[in-house]
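In case you want the letters, here they are:
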Amino acid sequence: MGSRPCVLSEVGGRAMQVVCPGGSGELIAAGLVIGLSNGALIALIAIGYTLVYGIIELINFSHGDLFMLGTFVALTVLAALGFDQNTSPTPWLALVAALVVAMIFCGILNVLAERIAYRRLRNAPRLAPLISAIGVSFIYINVGLFWRGPTPITFPDLLPNFDFVEAITGTQSLIRFNAKDAFVVGMAIPLMVALGWVIKNTKMGKAMRAVAQDREAALQMGVDVDRVISFTFLLGGLLAGAAALMHGLYNGNTVFTLGFTAGLKAFTAAVLGGIGNVTGAALGGVLLGLLGAMTVTCYGGEWENVGVFSLLVIILVFRPTGLLGEQTPERG
Amino acid sequence: MTKRIPRLLAILTALAFVASACAGGGLPGGGGGGTIKVVSSLPMQGASLGQTQTMVNAFKMAFEEINYKVGNFTIEFEALDDATPARQNWDTAKEAENARKAVDDKRIVAYMGTYNSGAAAVSIPILCQANLAMISPANTYPGLTKKGAPGIEPSEPDKYYPGGCKRNYSRVVPADDLQGAVGARWMKELGVSGGVYILHDNELYGKGLADVFRAEAKNQNLKEVGYEGAPKADNFRTLANKVAASGADWVYYSGLTANNGGFLLRDLKAAKSSIKFMSVDGVAESEFITQAGAAAEGQYITFGGIPASAYTGKPKEWADKYKAKYGGNPEVYTIYSYETAKVVIAAIQKAGDKAADRATIRDLIMGTKDFEGVLGQKWSFNAEGDTTITTMAGMIIKNKDFIFSKELK
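Top line first, the protein sequences correspond to chains A and B. For the first sequence, this note's numbering assigns the number 341 to the last residue and increments by one with no breaks. For the second sequence, this note's numbering assigns the number 411 to the last residue and increments by one with no breaks.
Treat the hints loosely; a few may be bogus.
[To be verified] To spell it out: a stretch of chain A is covered by chain B in this simulated footprint if at least three of its residues, at any positions, have a beta carbon under 8 Å from a beta carbon of chain B; those stretches are:
1) 70-82
2) 301-307
[Said to hold, decoys possible] Covered by chain A, per the in silico footprint, the following chain B stretches (three or more residues, Cβ under 8 Å):
3) 47-61
4) 228-240
5) 244-254
[As the list claims (entries may be wrong)] Sample of chain B residues lacking proximity to chain A, with all beta carbon distances greater than 10 Å (derived):
6) A98
7) L201
8) F265
9) R268
10) I308
11) M368
Treat the hints as calculated values from the structure; they're not laboratory data. For each residue, glycine too, the CB sits at the ideal point set by N, CA and C.
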C-alpha cells in the first residue's frame, strides 16, 4: 500500500509531463488526493440535484442554499455543545450530534419545501416549479444572511492533524491523506453506497424507480406517489446535511453565499454525469474535483474554472446526455 | 391581457416621475446657502465590513464636528453601498449605479470612496465627465493616477478620464507603486534563501500590486520561483502544495481578505510550516487573522501609512477621540477616511458662496496644499491627485494583532 502512490506518481509524472507543464509526479499525485476529497463533497450535493430531477424533472435550485443552511446548523450545534474553538482531541460525540442534527434539519426542510412550494405546481408548466425553486433559494439565502450576518464564518478546527501517508511511509511528502480527507472520503462513500442500497433493495426504492420511470403507471399500480416524492426530497436533504458538516470541518469556513458556488459546481457535476443518474452524479462530482485540482497543479490557480468548464463543454458536445446518460421519466 | 401590461407600465412610469420630482425638490436656490450633499461609496457587506463601518464612522465624525454646516450651507452625508448581497464584495454594476446616482443628484458636490481600486476604475470616468470630485481614503492601485508606473496598462490612467475631462480624482493614501516596492526591499532585508512565490487574487488591485512587487524583486535580485493567480476558493490546498514543492521560503500575496486570503495562508502553512508570508493592506484587517488562525502569527504585512497601534501625537489624540465616541479601535483606513472628509470640508469652506458648484469644489480638492489634518504631517496633492506622503509601515502579526515593526522606505 505504501509504495503505490509513488509508483503511480512516477508513471503519471512521465505521461503527463507533456500535458502538464506545471506539475511533477509528486505534485500530481498530491493533487489527485486533494481533488478526490473536494470532489466527494461536490458529489454529495450533486446527488441531491440528480435525485429530484430524476423523479420530477425539477432543477431544485434551492438545494445549494439548503446545504449552506446545513453548515450553519452544524456550527450552531457544535457551539451549543461548547466546541466553537479549536479543540483536540476530537470531540467525536459532538461531531456525530452535529451530523445527525444537520442531516435531519436539511432533510425535513427539503421535504417541507416540496410540500409547500413544489407539490401544487407539479402539473403546472415546467417553468413554474423552477421559478418557485429559485424563490425558495432566495428565502434560504436571506434566512442565512439574517441568521449569521454577511461576513464569512470560520469553523473550529476539530479533526486531528494526522497524516496517513506519513504514518505508513514514515517520510513527510506533499502527498498527504490526512484525517480530514479520510473523514470526507470515509463518510461520502458509505453514504453513497447506502443510498444505492436504498434505491435498489428497499420497497421505497423500488417505488422511487417506478415513479421515476412513469408516474401515472406507478399511481395506477397503487404507489403513493406523493409519499415517494417526499421521500426523495428527504434523501437529498439528508445528504446535503452530511455534506454541510463535512464542508465545515474540511474547508473550515462558511458564508451565507456558499450555496451559490457550491450549488453551481454540484449542478455541473450532475449534468456532467448525466442528470437523473445517481452514479453519474457521484462520478461527475469526483471528476470535477480531480479536474479542478489538476488544472491548478498544471496550469495555475487562475485557470481552475476555465479547465473545469471547458471539459464540461467538450463532454456535452460529444455526449449531450452526460457521461453515464440521463435517466428521466419516459414520456407517454 | 396584453393590453394591461402597457397600462401598468404607464402608471408605473407616471409614479416614477412623481417620485423623481419630489426628490428634485431640494435643489439649492442659485446663490449662497441651501443644502449640499456629500456621499461615500464603500462595500458595506462582506468581509470588509469590519473596516468600512469604521470608515463611515470617521466620515460622520468629521461632519458632526461642524454640525453639518459650513457658512450658509447645510451638508447632508449619505453612505452608499457598492457591494451586493450576492457577491459580498464590491460589484461593478452597483458601483456604476452609485456613481450615476451621484451625478443625477445635483446637490451632490463630492464623492468619497471607493474602498476597492477596481471599483474606482468604474466610477472615476462617470464622475469625471460630470465635474464631480472623487476622493478616496483607500485606493492604492497606481494606474488610477500615475502615468508609466510599473505594472499598469499603457492606456492607464488616461482611460479613466475620457474625452480629456479635467482630473477629478485624488487619494489621501500612498499608491501601491510604493507599497509593492517597499515590500520587495523589506523582504530582501529579512533575507530570502529558497525564493519567493508571488500570488495574487486576480483582481485589478491584487494583480497590479503583484506586478509592482515582481519588478522591484527583480531589481533587488530576489529569486522568483513562481507567479500565479489565486482567485477566491474554499480551500487552496493544491496551490499550497505547488508552493511547497517550488522550494520557496517566502510567499508574497497581494489580495483581499474577502477573497479568502487568510485561508490561503492557513493552507500554505499546513503544506510547509516554515514558509514566511508577506501580504498587503488588502488583508490588514482583523478578519484576516480570524481566517488564518494560528498561521497568522509572525507574518508580515505592508501598509501605506501607520497603523493605529503605532500612532503618536496628533493621530493618537484623534484615535482616542474616535475610541471614546465609537467604542472600538479604528482600523487601518479609518484615520484616512476622517482626513478625506476633512479635505472635502476644507474645500467647501474655501468655496464660500460657490460651494454648490461642482467644478469649484473639484478644483479646490485637487489643489489641496500643505494640508494639516490629523495624520501628523503636512501634505499636498500633486497634479495627478496623489498625496506627497510616502510613509509606509511594515507590520508583524503578534498575538492576533497587527504590530508596527518599522517604517519602510
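Checked hints:
1. 70-82: n = 0 at 8 Å, threshold three: violated.
2. 301-307: holds (count 4)
3. 47-61: holds (count 5)
4. 228-240: Result for this restraint: holds, n = 10.
5. 244-254: holds (count 3)
6. A98: 21 Å, holds
7. L201: For L201/B, whose nearest Cβ neighbour in chain A is about 8 Å away, the distance does not exceed 10 Å, so it is violated.
8. F265: 6 Å, violated
9. R268: 7 Å, violated
10. I308: Given that every Cβ of chain A is farther than 10 Å from that of I308/B, nearest at about 26 Å, it holds.
11. M368: Non-interface label on M368/B holds, nearest chain A Cβ at 35 Å vs cutoff 10 Å.
In this structure, the earlier hints numbered 1, 7, 8 and 9 are contradicted, and the remaining ones agree with it.
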